[in-house]
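Top to bottom, those sequences are chains E and F. Going by our numbering, the first sequence opens with residue 1, and the numbers climb by one from there. Going by our numbering, the second sequence opens with residue 1, and the numbers climb by one from there.
Each hint should be verified, as a subset may be incorrect.
Any copy will do: because identical chains look the same in the list, a pair fits if it lies in one copy or spans two.
Stated by the list, open to error - Listed next, the in silico BS3-like pairs over lysine-lysine satisfying Cα-Cα at most 27 Å (straight line):
1. K158 to K55
2. K94 to K13
3. K88 to K13
4. K149 to K66
5. K161 to K66
6. K13 to K106
7. K149 to K69
8. K69 to K106
9. K106 to K149
10. K96 to K13
11. K149 to K88
12. K161 to K106
Derived by calculation from the structure, the hints in this document are not laboratory data.
Number of protein chains: 2
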Amino acid sequence: MVLRLGHRAARDKRISTHCALVARALGAETLIYTGQRDSEMEASVRKLSAQWGGKFRIEHAASWRKALKDFKGGKIHLTMYGLPVQQKISEIRKQKNLLIIIGGEKVPMEVYHAVDWNVSVTSQPHSEVAALAIFLYEFFGGKTPDFGKAERRIIPQKAGKRFA
Amino acid sequence: MVLRLGHRAARDKRISTHCALVARALGAETLIYTGQRDSEMEASVRKLSAQWGGKFRIEHAASWRKALKDFKGGKIHLTMYGLPVQQKISEIRKQKNLLIIIGGEKVPMEVYHAVDWNVSVTSQPHSEVAALAIFLYEFFGGKTPDFGKAERRIIPQKAGKRFA
Numbered sequence: 001m002v003l004r005l006g007h008r009a010a011r012d013k014r015i016s017t018h019c020a021l022v023a024r025a026l027g028a029e030t031l032i033y034t035g036q037r038d039s040e041m042e043a044s045v046r047k048l049s050a051q052w053g054g055k056f057r058i059e060h061a062a063s064w065r066k067a068l069k070d071f072k073g074g075k076i077h078l079t080m081y082g083l084p085v086q087q088k089i090s091e092i093r094k095q096k097n098l099l100i101i102i103g104g105e106k107v108p109m110e111v112y113h114a115v116d117w118n119v120s121v122t123s124q125p126h127s128e129v130a131a132l133a134i135f136l137y138e139f140f141g142g143k144t145p146d147f148g149k150a151e152r153r154i155i156p157q158k159a160g161k162r163f164a
Numbered sequence: 001m002v003l004r005l006g007h008r009a010a011r012d013k014r015i016s017t018h019c020a021l022v023a024r025a026l027g028a029e030t031l032i033y034t035g036q037r038d039s040e041m042e043a044s045v046r047k048l049s050a051q052w053g054g055k056f057r058i059e060h061a062a063s064w065r066k067a068l069k070d071f072k073g074g075k076i077h078l079t080m081y082g083l084p085v086q087q088k089i090s091e092i093r094k095q096k097n098l099l100i101i102i103g104g105e106k107v108p109m110e111v112y113h114a115v116d117w118n119v120s121v122t123s124q125p126h127s128e129v130a131a132l133a134i135f136l137y138e139f140f141g142g143k144t145p146d147f148g149k150a151e152r153r154i155i156p157q158k159a160g161k162r163f164a
């Protein structure tokens, strides 16, 4: 499960949508987000998910504190200040149930202390979309989910576009 | 070198900025973008790069066709319609000089036929930021660059934030 903090409907719509689609495509089953409720974003993610398959869920949560507290399993915060993902990933892989927290602009210091791991994907500033993608890719050992016989399904091509 | 197609200053500022920062953090040396010239985005990427180290460059190009034609080396287009990255990466790794093309909303079919590889990071819709990140991560075998003694430098922590 992915927890996206502090969504602002005007400013973050595309970045949060990318986070949701990355979560889905790379193998997470749910994205919960806090901040402003954004029905438009939820609808677009649900529509895509219905067309492309799988059981991905997106939900708004009023309180990250409660979401964090209620979650049973390993809690990871992705932050450039944390320990390198390569150092921690084998330890983290032992967890069956995982909450992966990705921040907006300012993450409260409380989050750093409420999780089991603060993990960095490079110690450089870049993108929560990229950090989430690489984390999930590492976590699943490069395996990406099969979405089965969905309404929309691509047959990989050397050049051009082909749908099943 | 990364080539980002079709930047629209109003709509894409954050996504393109994330692409640039991911390119830098994961080991590319240059991002060229086409579409609208965006001095504000360029300035913010250059400022960050000056503070955090390295020699990353961001430049606007008037024509993607010319940029593609002028480039000497292997040309890769990241697209969900392409062949799986895992299948092609060892072949691609033999290239010393690489142009990685990431699209905006609509990529002209001409691009698919002008490159050496159309490569997908999952055959699902998600994010050019994530596709670029995972591609570079795979290409460099999980190694990320060292930016040396820059003005800003993080010392990884179990919890909290620490600068060198």
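Now the hints, each set against the structure:
In the homo-oligomer, the alpha carbons of K158 and K55 never lie at most 27 Å apart, since the shortest distance is 29 Å inside one protomer and 34 Å across protomers. Taking the shortest alpha-carbon separations for K94 and K13, neither the intra-copy value of 33 Å nor the inter-copy value of 38 Å comes in at or below 27 Å. When the C-alpha separation of K88 and K13 is checked against a cutoff of 27 Å, the pair qualifies neither within a copy, at 31 Å, nor between copies, at 33 Å. In this homomeric assembly, K149 and K66 never come within 27 Å of each other (Cα to Cα): the closest approach is 37 Å inside a single copy and 40 Å across copies.
Only between protomers do K161 and K66 lie at most 27 Å apart by alpha-carbon distance; the minimum there is 24 Å, versus 44 Å within a single protomer. Both within a single protomer and between protomers do K13 and K106 lie at most 27 Å apart by alpha-carbon distance, with minima of 17 Å and 19 Å respectively. In the homo-oligomer, the alpha carbons of K149 and K69 never lie at most 27 Å apart, since the shortest distance is 37 Å inside one protomer and 39 Å across protomers. For the identical chains of this complex, K69 and K106 are intra-copy neighbours only, at 20 Å inside a copy versus 42 Å across copies, given an alpha-carbon limit of 27 Å.
For the identical chains of this complex, K106 and K149 are inter-copy neighbours only, at 25 Å across copies versus 40 Å inside a copy, given an alpha-carbon limit of 27 Å. Proximity of K96 and K13 under a CA criterion of 27 Å is satisfied in neither setting, with 30 Å inside one chain copy and 37 Å between copies. Taking the shortest Cα distances, K149 and K88 sit within 27 Å of each other only across copies (25 Å), while inside one copy they are farther apart (35 Å). Proximity of K161 and K106 under a CA criterion of 27 Å is satisfied inter-copy only: 12 Å between copies versus 40 Å inside one chain copy.
Consistency note: the structure conflicts with the earlier hints numbered 1, 2, 3, 4, 7 and 10.
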